[in-house]
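A.B. asks: Sequence:
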Amino acid sequence: MRTITLTAVALLGAALLAPVGTAAAAGETCQGQAATIVGTPGGQITGTEGADVIVTNDAIRVDALGGDDLVCATGEGGYYHSVTAILGAGADTFIPSERSGSSTVYAGTVDGTDTEADVIRSTRGPVISGMAGQPNADIIDLAYGEVSWSGIQTAPGAVTVGTGSLLGVRSANGDVTMDASGTVTGVDTALTWTGQFTRFVFTTSAEYGRFTFRGTDGTERVKVDAPTRYDRDIALGGGYDLYESNSLGGKATRIKGGDGGYSQLLLDLNSYDRVRADLSGSRVTATKAGVEESVRFRGFDGLSVAAKRADVIGTDRVDHIIVAACRTTIKGMKGRDVLYAEVKFRSTRFGSWIRPQCSNYGATIDGGPGSDLIEGSPGDDRLIGGPGNDGITGQYGDDRLIGGPGSDGVDGKKGRDVCQGERVRNCEKRI
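Sequence positions in the sequence shown follow mature numbering (1 follows the signal peptide of the UniProt record, and there is no 0) and run -25 to -1, 1 to 406.
Because the hints were derived from the structure by calculation, they are not lab data. None of the values given here were measured: they were computed from a predicted structure. Backbone N, C-alpha and C define an ideal beta-carbon position, used for all residues, glycine too. It is possible that some hints are incorrect.
Distance windows between CB atoms, simulated [as the list claims (entries may be wrong)]:
no.: 1; residue 1: S382; residue 2: D291; range: 56 to 64 Å
no.: 2; residue 1: T15; residue 2: Y371; range: 47 to 55 Å
no.: 3; residue 1: A66; residue 2: T21; range: 13 to 21 Å
Restricting the straight-line Cα-Cα distance to at most 20 Å, the calculated cross-link-like pairs of lysine to any residue (SDA-like) are [as the list claims (entries may be wrong)]:
no.: 4; residue 1: K231; residue 2: S255
no.: 5; residue 1: K263; residue 2: D253
no.: 6; residue 1: K231; residue 2: K263
Put together the whole structure using the sequences plus the hints.
C.D. replies: Right, here's the structure in full:
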């Protein structure tokens, strides 16, 4: 079954709550053809098993059913500015108007059946196309939004996108190679596109295989959702890049940040008992139920990690480290670092992380030499700035905040805090 986006699920759920009904066609046309079905604002449209010509008229859901259907998304926008269109069986066409809003378009059925060649043109929103391992001849022209792609592209299929869109690809077996310049190749999936995707999501249920990604000098965000033994070979290229995953990958995994740009590594390892990340040594080790996994990475300027317990060592360069954990230890080393023990860190470029569930929180952070920004957890923390002009902020626990040599600003916030610094606020005891 293909990947269905979170955006699509939310919109589909909202559409199910709307009233069902269609209005009779009254002089409306779609691409020069007389409409056979015209919707009502906020309503739902159910087509026939024949060839329908449907004008949505601000309806929020269309079930076109069978037949070679033509669907025009029209209306004045306003409250009902989004439509979910399920084109169903047949070689269908979906066309937006200049005033229509966001569209969520299923080229086939909601359960993933999609065998005919469809034409989908949309100004913005998700498009869900194809079946895993099957020929996919859909023509997709998307100004901005999300393409969830399954299957092997065949003629006359084509995908054209504007700047900043997201490509989601799902594979059930084997190796997959994705080149951000415009191609995907694999045993059960293949795609060539025109335009610029900047966000890429790869999902597989295969236990073993390799996902290879090659970036460009532009900005790319890459997310991998795969079993932990599935290998990754990631080279992000230049630009402002990000790599995110919910597992480390197999023993052959290699993850390389950008050359000449800024690269951030996001590891959502909330199910792991402990994570150790050494940015200087370019290695991450994670432990779950007594089993240890380890992979190498290099070329990253920032790290965000979620786990029950996390220990992170920075570099002598500028580091941006965010840890969402029950117990946090960060050693910043040299450089002007940003070091946060942030259990509320949930938002990423692709969605949200699950907050670690803990009976209590606590962090030990040592900024090291350099002018650092340090922020603690909601628990009882020990935060040390070290040499340099540091800014240190506690949270809700009973914290010990030590600025060290330099001109430091210290803010204890809530709790009963002990502080040392040149500028001190909200501290019950100053040393």
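A.B. asks: Compare the structure with the hints numbered earlier in the document and write down the numbers of the violated ones, lowest to highest.
C.D. replies: Hints 1, 6 contradicted; others consistent.
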